[in-house]
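Peer 1: Place chain B on chain A using the hints.
In order, the protein sequences belong to chains A and B.
Note that the numbering used here numbers the first sequence so that position 31 is 31, with each residue one more than the last.
Here the numbering used here runs 1000 ahead of the position in the second sequence, where the first position is 1.
In short, the hints are calculated from the structure, not lab data.
A couple of the hints might just be wrong.
In the DSS-like style, the derived pairs of lysine-lysine whose C-alpha atoms are separated by at most 27 Å in a straight line are [to be verified]:
1. A:Lys-63 - B:Lys-1201
2. B:Lys-1412 - A:Lys-9
3. B:Lys-1232 - A:Lys-73
4. B:Lys-1381 - B:Lys-1363
5. A:Lys-8 - B:Lys-1232
6. B:Lys-1464 - A:Lys-63
7. B:Lys-1412 - B:Lys-1143
8. A:Lys-6 - B:Lys-1232
9. A:Lys-74 - B:Lys-1201
10. A:Lys-9 - B:Lys-1232
11. A:Lys-63 - B:Lys-1363
12. B:Lys-1232 - A:Lys-74
13. B:Lys-1411 - A:Lys-9
14. B:Lys-1201 - B:Lys-1252
15. B:Lys-1232 - B:Lys-1201
16. B:Lys-1232 - A:Lys-63
17. B:Lys-1363 - B:Lys-1411
18. B:Lys-1464 - B:Lys-1254
19. B:Lys-1456 - B:Lys-1143
20. B:Lys-1252 - B:Lys-1412
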Amino acid sequence: MSNLAKYKKTLYDVLAIPEETDCSSLERGVSQNWDSVGHIALISALEEAFDVMFEIEDLLSFKTFDQGIEILKKYGIMFED
Amino acid sequence: MFLDLNAKKTDKEAIIDSDGNVLTYGDIIAEAETFSSLTKPRSVIFVLCRNDVGGCLGFTNCLLSCNVPLLLNVGMDSALLENLIETYLPAYIWKPSESLKSGEVSIFESYGYALIATGNEVYPIHDDLSLLLTTSGSTGSPKLVRHSYSNIEAQARNISAFFEIDETERPLLDLPIYYTMGLSVLYSHLFVGATVLVTDKNVLDSEYWTFLNDNQVTSITNIPYTYELLYKLRFLNREYPSIRIITQGGGKLKDEIYHAFAEYAQRTCKKFIPTYGQTEGTARMAYLPAEYSLTKTGCIGKAIPGGRLYLIDENGDKITEPDVMGEMVYEGPNVTLGYALSPEDLALGDERHGVLKTGDMVKMDSDGFFYIVGRKKRFLKLNGHRVGLDECEQIIKGAFDVDCACTGTDKKLMCYVDEDSSIEEIRRHLSEVTGLNYMYFEVRCLDKIPRSSTGKILYSSLNKE
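Okay, chain A solo, but in the shape it has when bound (with noise of 0.2 Å):
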């Protein structure tokens, strides 16, 4: 699988998204179920499925779908297009 699929994958089940939902429009605070609870849980996911942790002002500044691969590259995670 690829590290964007598995993103992708991460955030369906962690937050219950229908499959059909676009998930580049996914963001904090305003999808369903992405709150502070959600929120804690998906980096707890992503820290286990990409075997990184995350500093603080990352987990902070973590609020859209973009984000979220733009700080998994500065974890040396790759993103190919």
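Peer 2: Relative to chain A, chain B alone:
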């Protein structure tokens, strides 16, 4: 005047929000005068609020103009809101201007909020009635708690006494103001002439930390879940020199977290003050003085000034010996008038006469400190918010053709149904209607919901976890 607001320095900052709005004590009085000139007194007014200056004004405007607000979350489920409006027929609604629907015309706008006249007539309500809060905002129950003017004033005075707060305080208010404990932070600090820093950002938003760091915050007040998050965010590794008081309510903190915060407070010369309360007691009823926070882990402490706590047994007799479990009873000037289920009930006077059976099962130690052991009533506190189990059963039965039974712990609501085809939909529905994350709900299928011969659900035979 309410909270002696006209006795404060008019140019003193009263409320600052994280959008950059600033309101002085003089502004509060001036805003209320305008509001008063546009509304009929003794109206029921729905205040749909966010944690910002405009939301706080909804509260002060209503109280200062002798109107009675019902404070609600602006984000509450629209069907539940409609139901409340149809039940209580408010004469006015105060809500963010951007949430105005087509056809709604505002008669006054200020700080991003609009006042709307609904066309409903003003109906008779009791002279002592000052404020309405929901018992369970998330399930939209029409059961409201009726507060008197003296409830709020007594609570403001007593809270400020045990926290030892004065006009130099700058509390951070991120708990919702439609929630009893959040609201108590607002009025107790306005009472002493302090500056309330209000935000609807939470600890996982970088704006929260900017707001906290830029404003010399002197106290934080939160629920157990937020303290768990702060712990994970390594809050305890930093100093925050301006913070004097860390206080907690809204449920029981895990012992490990409780101890970590108590130790941190001692190390950094702050006070850690756990509290206990309910909407029915106008927020706080007990607190643990900071000097005991390391020796009495998990304790809710003693009654607040002006109040009294004791335990009763099944026959209603007082328990005097220590270490015996009983239902905790609170007596004090902050015990609310009673409930309302309909507009007619708003004409009722004081039905409790200062005595409140809390529904919490409690033990007292030999030093006279109280410890919560369990709960008598059928509700959970999910993320600090009360969720009625019977109401959740009604919500499910109203939307799905199933029999169901709800139980659970403060970690998760467990819903048992007799039909496995819509388990995921039920879970999603509960989450959507209550506005709480779906992780707080689990739905399981049984062949049959266990019932007694008289048809009562046998909750004791259902697994709570």
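Peer 1: Take the hints in turn and mark each one as holding or not.
Peer 2: Hint by hint, here is what the structure shows:
no., hint, in the structure
1, A:Lys-63 - B:Lys-1201, "holds (13 Å)"
2, B:Lys-1412 - A:Lys-9, "holds (24 Å)"
3, B:Lys-1232 - A:Lys-73, "holds (23 Å)"
4, B:Lys-1381 - B:Lys-1363, "holds (20 Å)"
5, A:Lys-8 - B:Lys-1232, "holds (25 Å)"
6, B:Lys-1464 - A:Lys-63, "violated (34 Å)"
7, B:Lys-1412 - B:Lys-1143, "holds (23 Å)"
8, A:Lys-6 - B:Lys-1232, "holds (25 Å)"
9, A:Lys-74 - B:Lys-1201, "holds (26 Å)"
10, A:Lys-9 - B:Lys-1232, "holds (25 Å)"
11, A:Lys-63 - B:Lys-1363, "violated (44 Å)"
12, B:Lys-1232 - A:Lys-74, "holds (21 Å)"
13, B:Lys-1411 - A:Lys-9, "holds (25 Å)"
14, B:Lys-1201 - B:Lys-1252, "holds (23 Å)"
15, B:Lys-1232 - B:Lys-1201, "holds (18 Å)"
16, B:Lys-1232 - A:Lys-63, "holds (18 Å)"
17, B:Lys-1363 - B:Lys-1411, "holds (22 Å)"
18, B:Lys-1464 - B:Lys-1254, "holds (19 Å)"
19, B:Lys-1456 - B:Lys-1143, "holds (23 Å)"
20, B:Lys-1252 - B:Lys-1412, "holds (15 Å)"
Of the hints listed earlier, those the structure fails to meet are numbers 6, 11, in rising order.
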